[in-house]
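All chains, full assembly: derive it from the sequences and hints.
There are 4 protein chains.
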Amino acid sequence: MVEKSINYPGIFDEIAAKLPGIANHGQVASYIPELANVDPDKFGMHLINYQGEHFSLGASDEKFSIQSIAKVLALTLAYSAEEETLWQRVGVEPSGNPFNSLVQLEYEQGIPRNPFINAGALLVSDILVSHLKAPKEDLLAFTRKLCGREDIHFNAKVAESEKRTSYNNAALINLMKSYGNIKNDIDVVLDFYFNLCSIEMTCRELAQSFAFLANYGVNPLNNEQVVSASKAKRINAIMQLCGFYDEAGEFSFKVGLPGKSGVGGGVIAVYPGKFSIALWSPKLNSKGNSYKAIEVLEFLTTKTQLSIF
Amino acid sequence: MVEKSINYPGIFDEIAAKLPGIANHGQVASYIPELANVDPDKFGMHLINYQGEHFSLGASDEKFSIQSIAKVLALTLAYSAEEETLWQRVGVEPSGNPFNSLVQLEYEQGIPRNPFINAGALLVSDILVSHLKAPKEDLLAFTRKLCGREDIHFNAKVAESEKRTSYNNAALINLMKSYGNIKNDIDVVLDFYFNLCSIEMTCRELAQSFAFLANYGVNPLNNEQVVSASKAKRINAIMQLCGFYDEAGEFSFKVGLPGKSGVGGGVIAVYPGKFSIALWSPKLNSKGNSYKAIEVLEFLTTKTQLSIF
Amino acid sequence: MVEKSINYPGIFDEIAAKLPGIANHGQVASYIPELANVDPDKFGMHLINYQGEHFSLGASDEKFSIQSIAKVLALTLAYSAEEETLWQRVGVEPSGNPFNSLVQLEYEQGIPRNPFINAGALLVSDILVSHLKAPKEDLLAFTRKLCGREDIHFNAKVAESEKRTSYNNAALINLMKSYGNIKNDIDVVLDFYFNLCSIEMTCRELAQSFAFLANYGVNPLNNEQVVSASKAKRINAIMQLCGFYDEAGEFSFKVGLPGKSGVGGGVIAVYPGKFSIALWSPKLNSKGNSYKAIEVLEFLTTKTQLSIF
Amino acid sequence: MVEKSINYPGIFDEIAAKLPGIANHGQVASYIPELANVDPDKFGMHLINYQGEHFSLGASDEKFSIQSIAKVLALTLAYSAEEETLWQRVGVEPSGNPFNSLVQLEYEQGIPRNPFINAGALLVSDILVSHLKAPKEDLLAFTRKLCGREDIHFNAKVAESEKRTSYNNAALINLMKSYGNIKNDIDVVLDFYFNLCSIEMTCRELAQSFAFLANYGVNPLNNEQVVSASKAKRINAIMQLCGFYDEAGEFSFKVGLPGKSGVGGGVIAVYPGKFSIALWSPKLNSKGNSYKAIEVLEFLTTKTQLSIF
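Top to bottom, those sequences are chains Z, C, G and E. Under numbering that gives the first Met the number 0, the first residue of the first sequence is numbered 0, with each subsequent residue one higher. Under numbering that gives the first Met the number 0, the first residue of the second sequence is numbered 0, with each subsequent residue one higher. Under numbering that gives the first Met the number 0, the first residue of the third sequence is numbered 0, with each subsequent residue one higher. Under numbering that gives the first Met the number 0, the first residue of the fourth sequence is numbered 0, with each subsequent residue one higher.
Hints listed in this document are in silico derivations from the structure and should not be mistaken for laboratory results.
Sample of chain Z residues lacking proximity to chain G, with all beta carbon distances greater than 12 Å (derived):
| # | residue |
| --- | --- |
| 1 | ILE10 |
| 2 | LEU18 |
| 3 | SER29 |
| 4 | ASN48 |
| 5 | TYR49 |
| 6 | HIS53 |
| 7 | ALA58 |
| 8 | LEU85 |
| 9 | GLU136 |
| 10 | GLU159 |
From chain G, some residues computed to sit far from chain E (all C-beta separations above 10 Å):
| # | residue |
| --- | --- |
| 11 | VAL27 |
| 12 | SER29 |
| 13 | ALA80 |
| 14 | VAL225 |
To give a feel for the contact side, a few chain E residues facing chain C, derived at Cβ under 10 Å:
| # | residue |
| --- | --- |
| 15 | THR164 |
| 16 | SER165 |
| 17 | ASN167 |
| 18 | ALA170 |
| 19 | LEU171 |
| 20 | ILE172 |
| 21 | MET175 |
| 22 | SER177 |
| 23 | TYR178 |
| 24 | ILE181 |
| 25 | ILE185 |
These numbers were taken from a predicted model, which means no experiment stands behind them. All residues carry an ideal CB built from backbone N, CA and C; glycine is no exception.
What follows is the structure, given as structure tokens:
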């Protein structure tokens, strides 16, 4: 068996050459105007390896709505706060169903299948509202420290638009409340949740924020242990199995890295011990994941055999 | 970020010391006499690393019924025969349901969710019956070559017992046939399937048979490319997401390696680029996976941070 | 084939003699204090036949919370307002599931299976909020006219308690809103719905209110056509198939009359062309229907062959 | 309230005049050649009232495949044999799902929802195989006596064709067997079931066979009590709630009589105390019930208010 070595600049050059030929299929998310109005042809990617080298392509320094990717940050905070008792209130199994399914939640009596389906992220939000003194500010402070940048904010318009259209999330949280699995006031939790999903970042900031998951829990910027190595492993495992809704298998199969997507077109992926990478391309495939970001990641891992598998 | 190195002998010594203190909870599979009569206290494990070193503990040279673990071997053969068209007839997504669920199969109109739930393995069996001249003999020959041992056989009594009790598999295959997704005679496919699940191996043979999946598709015994590196990656990804029925998330979360279990109490896991490991302990947890084998693997990967994540 | 004749006084005497020997199994509804505090041993029944004769037993003149029985009155009003277009927004099929199931509602994309499951009654409420000038007052006026009594009111405490505990209904209506099948403000519809379910009546008033459904749509008190004979037939058919949640088959099987129950322990049943009958006994069986009321009705229809079947 | 009287000859004249104007939508069942080759424009109807008068229209003396209608006859026999213990092995609730759904059967652990979905009829067949000395012959003898005609037979070609295509029924019975709810050999039960569904009758024979259900359990031809009045009521109740698959609500709503359909295009309906009526028109609506037969029945009951409701 042979250890793999990675020629990062060469790979980025190859991808840069390849990019114009990769189709940009799919549809930009249209359920709120702030997402619908994004330029569908935007593309950015940024990789940080374990030596601390940075590689980027395209609009890697442009802010976009990271949406559900922020659920991983919320999970990290909640896991630190609750330790292993967290798993009494939310599972770690793939859902096998669309991300906003009430069916499973009802069948399993208000215990969300995992922290990345909407119900699970609402549950995690409830936990943070219980634990944090100033939940929204504390979340921003945590995120800023992870990526070493002060310039991380919620987008109030996005949060507001989500709130106006999100009857399905209201259904989910009410159902969990009916089973006693939501402890705080529903409106407070929903407000936190919609702000969480409205965070904006660049690919560079995103890759930096997730570097601790590629580094056994240690933030490489300041060598602080964000979470234990065991917790980092477990968060990665959950991303691997649940990070792409009902396309988790397809993503694992094609890309072979733990990762998470958002309907803003962002994708984060980490290779433990090697690198973290963020991509952004707004058009989504039928499962709600960025079409082009996944294509590029598949090319990256297949051509270069850069996969955990 | 730091590269990990592994002290295999030290880990095995530590596990050996730890073993007497690990509880042996659960129940031996009892639906056929051949499994019910196995000594519940048997334990074996065998690891082969990329340098070709072997490490073992307990009854690692005793044959046991590998059961569903053989589905990975069948998938490997079928994937080679059908290439990517295989995925038109079987999916790669976790099931989110028990391994023998008809519900999902009906909901998805006869396309099994993945190749490791029973329906998926029956579908793979149908493909092999279509492709192989002498399906049962060819499967044995393939397995023997993988592990470099001639002494690999079906257990006719096990196959016969399975056949007598397996109304659920008959339901599954009839349902798929009703959707046109089974091409061969039902009895022929079932006969192949029941034989597939009756293969007997030792931990050593099992670890050797799966070494190609830890070695980017190459059989380290003879340096033959069993499947391409890309296919090996994909088979590992499917094991990661679907290898432990509705406990796949739990196994990933705890152990963090792609693997597969069988109701005979066997578990195989691979760390691509590093090692393959087989364990055997007959008592099963409530999800049908070996209780003790998973405990030991979790200890191995958590203590030593030997995980792909 | 022989026409049946009915000796009402004889039947009531027989039931009166039988009553002490009929067990009073089950549990009083306990999710709100107003229901939990009702005397569990209360029993009343009242029958009005097509000659306008009245027969009663027990606490037939005592008010109780008719709860879901009021859904039939709401349906009658909505059906009159919308005519057959009503059925584009709500179905007429039995649910095959508990009355508050989100599963089916999601599977069928926000179209409730029938008007008597909670989702369906919320939908009917939305229609009435659209059509009526003063929805709550108009509903009371309609009900008062049906039973010829001014003394019909909502119970504000009950409505308030329901509102405080009813996260499941909030989940249902939000889900329907997410599918675009709720037109009005959610809080307004919920307020109407909780008031609807808080109506209090006596058995006598209830039997009188439903007499038009036993009389081909004509209110026997004033000979007004409340709904057409065809609509009355259809409302009865829906009661027959959907009036007892997932015990509709059992109720039809045992009692053989169209009817509707409420968690307050009330049951209404009609025999078209013959009579309407209301019963009240607060203890509920495991399906949420009055245990004793159904026992007595079964005795009535089985012994005397008073069934539509 | 007013007693209804029926002018049968007048109604039949009106229907005869109306018939040419009633569309003949839908598709003839095509899964076996024997059904596919039937003339799609055939139409027959036959009514027998409680005075023993006969009224007919069209091809009322032509044999057709009664298919699932025969399930009512099988249920009648099984109910007589098992009495109320029958309901421990099969339910009486509407399915809320297509007639051949495995989902519900698995969810409810091998207990079919009711005797008229395929699983339920297979279960009833199993019971008859247990109870009858010569199941197929005894079933024919029972049916012949009901309609007073010797000329009632299975169609061997139909039974054979069903057997060749019916993987779904094989799935259902294997699933029930896996739950221990099938006692006899699967092939024997399936053979009985396929013969049961192959019975051929004319509308006249069919109406006569079901007259006992319109006559409180008494066969009007010979005044024999086929089943008790209570059992007749219960069978009618089950027909009302479960006789038209997932269109039971729609049929009750439109027609308002207990009835049963078959994919051969036959429909039987009974008005207890008044009449039994059989119709035949081969083209089926999307739910698998005869389009034209239901239209005509709806006209009959709506125009003349001939409904139990």
